[in-house]
Amino acid sequence: MRKIAVALMRAYQIATSNVAPRCKYYPSCSNYAITAVGRYGAKGVAMSAWRIMRCNPWSGGGVDYVDENLDSADVKSLLVMNEKLSMNEKEVVGAN
Amino acid sequence: MNTILNPLYSVVSGVIVFIHKLLAPVFGANSGVTWSLSIMGLVVLIRIILIPLFVKQIKSQRALTALQPHMKEIQKKYKDDRQKQSEEMMKLYKEHKTNPLASCFPVLAQAPIFFSLFTVLNGIAKNKPHGFLKGDYLVSAAQAKFFGAPISQSFLGSSQTTVKIVTVLLIAFMSGTTFTTQRQLMVKGMPKMDSSNNMMLQQQKIMLYLFPVIFAISGVNFPVGVLIYWSTTNLWTWGQQFYVIKRNPTPGSPAYEELQKKRAHKAKTEGKEIEGIDQNEAIEPEVLGQRQQPKKKKKKK
Numbered sequence: 001m002r003k004i005a006v007a008l009m010r011a012y013q014i015a016t017s018n019v020a021p022r023c024k025y026y027p028s029c030s031n032y033a034i035t036a037v038g039r040y041g042a043k044g045v046a047m048s049a050w051r052i053m054r055c056n057p058w059s060g061g062g063v064d065y066v067d068e069n070l071d072s073a074d075v076k077s078l079l080v081m082n083e084k085l086s087m088n089e090k091e092v093v094g095a096n
Numbered sequence: 001m002n003t004i005l006n007p008l009y010s011v012v013s014g015v016i017v018f019i020h021k022l023l024a025p026v027f028g029a030n031s032g033v034t035w036s037l038s039i040m041g042l043v044v045l046i047r048i049i050l051i052p053l054f055v056k057q058i059k060s061q062r063a064l065t066a067l068q069p070h071m072k073e074i075q076k077k078y079k080d081d082r083q084k085q086s087e088e089m090m091k092l093y094k095e096h097k098t099n100p101l102a103s104c105f106p107v108l109a110q111a112p113i114f115f116s117l118f119t120v121l122n123g124i125a126k127n128k129p130h131g132f133l134k135g136d137y138l139v140s141a142a143q144a145k146f147f148g149a150p151i152s153q154s155f156l157g158s159s160q161t162t163v164k165i166v167t168v169l170l171i172a173f174m175s176g177t178t179f180t181t182q183r184q185l186m187v188k189g190m191p192k193m194d195s196s197n198n199m200m201l202q203q204q205k206i207m208l209y210l211f212p213v214i215f216a217i218s219g220v221n222f223p224v225g226v227l228i229y230w231s232t233t234n235l236w237t238w239g240q241q242f243y244v245i246k247r248n249p250t251p252g253s254p255a256y257e258e259l260q261k262k263r264a265h266k267a268k269t270e271g272k273e274i275e276g277i278d279q280n281e282a283i284e285p286e287v288l289g290q291r292q293q294p295k296k297k298k299k300k301k
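Same order as they appear, the protein sequences are chains P and C.
The first sequence begins at 1 in my numbering and counts up one residue at a time.
The second sequence begins at 1 in my numbering and counts up one residue at a time.
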């Protein structure tokens with residue numbers, strides 16, 4: 001079920017990638033939904049609905065992850081860092 | 001489900017019937033022209049309501065020029081990490097209280113309206129009233145024709161050749177307008193970019209083939225009335241964008257340079273000061289002012 005939902009959303013992304021170029025938030029509403037539904041199922045659907053409601057003309061947008069401790073760029077680059085310990089030390093300092 | 005959609009049925013059918021009432025004395029109550037224009041009127045109404053959002057978005061896109069140096073800096077700093085790059089970009093927008101990107105809600109909110117229209121028009125074919133479209137109106141709408149095709153019939157639901165021809169033409173029209181809108185934006189409306197340009201061209205090519213397919217698959221199931229709605233929306237989008245690109249192009253885009261050249265030329269031939277460029281120079285400091293203001297109270301929110 002989750003996989004079907006995620007696949008459908010991917011299809012939506014491909015179909016609309018040029019009509020509605022992007023979203024106010026990062027990650028975009030659809031990417032947010034894919035992560036949320038894939039991870040939490042029904043709860044993820046509710047989270048995505050709330051996110052879309054927030055993505056309105058009166059909101060300023062911004063960075064808004066499903067779970068910042070799992071998805072943010074800093075966390076991900078840290079994971080990469082753990083794999084390649086030796087390199088890029090400077091860049092992570094800069095990123096923080 | 002119906003409890004949510006019933007009010008929407010009333011709104012959609014109400015607007016259609018209202019416009020029909022206004023136009024009936026001009027074109028006749030049972031005329032296909034009246035009914036077709038009523039559906040188009042619904043589109044025009046929705047899009048007029050959405051214009052302020054569009055203007056707001058354009059304005060924040062203009063404010064972006066001032067942020068250009070910051071953006072380049074970010075792109076340079078995080079050129080190996082796309083995610084971090086996007087994160088920082090969003091933070092920058094937020095800091096300056098401007099966001100050039102469209103919001104998802106207004107786009108998705110149109111889907112229920114579209115669905116309601118679909119149901120209301122299908123109701124006409126099945127002689128099933130929805131909202132205000134009942135009684136005499138239902139009978140009248142059921143026989144209303146758009147270029148010879150009843151507005152309640154669909155490609156798959158009808159054996160009439162006219163219905164098939166009209167639906168195919170409308171689907172072709174929808175594909176055409178979507179593509180030209182996209183192309184217009186790509187070629188003229190956007191600032192020249194370096195690396196991402198190639199990817200966009202590729203996407204555009206995919207769209208060229210994918211859209212007719214999507215429209216064809218969904219379009220054959222839709223009544224002519226829904227296709228009229230869809231085509232009108234597409235045409236409106238194209239026109240709106242055409243106007244903006246001509247009159248108020250994004251700084252840095254080919255259309256912007258064109259407009260400046262035209263203005264300079266006009267001023268020269270009329271022997272006046274170069275008005276167009278002067279104006280643009282006058283605008284820029286203003287934008288700079290906007291940029292600095294939010295910077296000071298950045299932690300306020």
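There may be inaccurate statements among the hints.
Stated by the list, open to error - FRET-style restraints, in silico, Cβ to Cβ: (1) C:239 / P:11: 44 to 50 Å; (2) C:247 / P:56: 24 to 30 Å; (3) C:148 / P:6: 43 to 49 Å.
No wet-lab data here; the hints were simulated from the structure.
Keep in mind the model is a prediction, meaning the values are calculated, not measured.
The beta-carbon is built from N, C-alpha and C at its ideal position, and this holds for glycine as well.
Hint check results:
no. : hint                     : result
1   : C:239 / P:11: 44 to 50 Å : violated (29 Å)
2   : C:247 / P:56: 24 to 30 Å : holds (27 Å)
3   : C:148 / P:6: 43 to 49 Å  : holds (44 Å)
Of the numbered hints listed earlier, the single one contradicted by the structure is hint 1.
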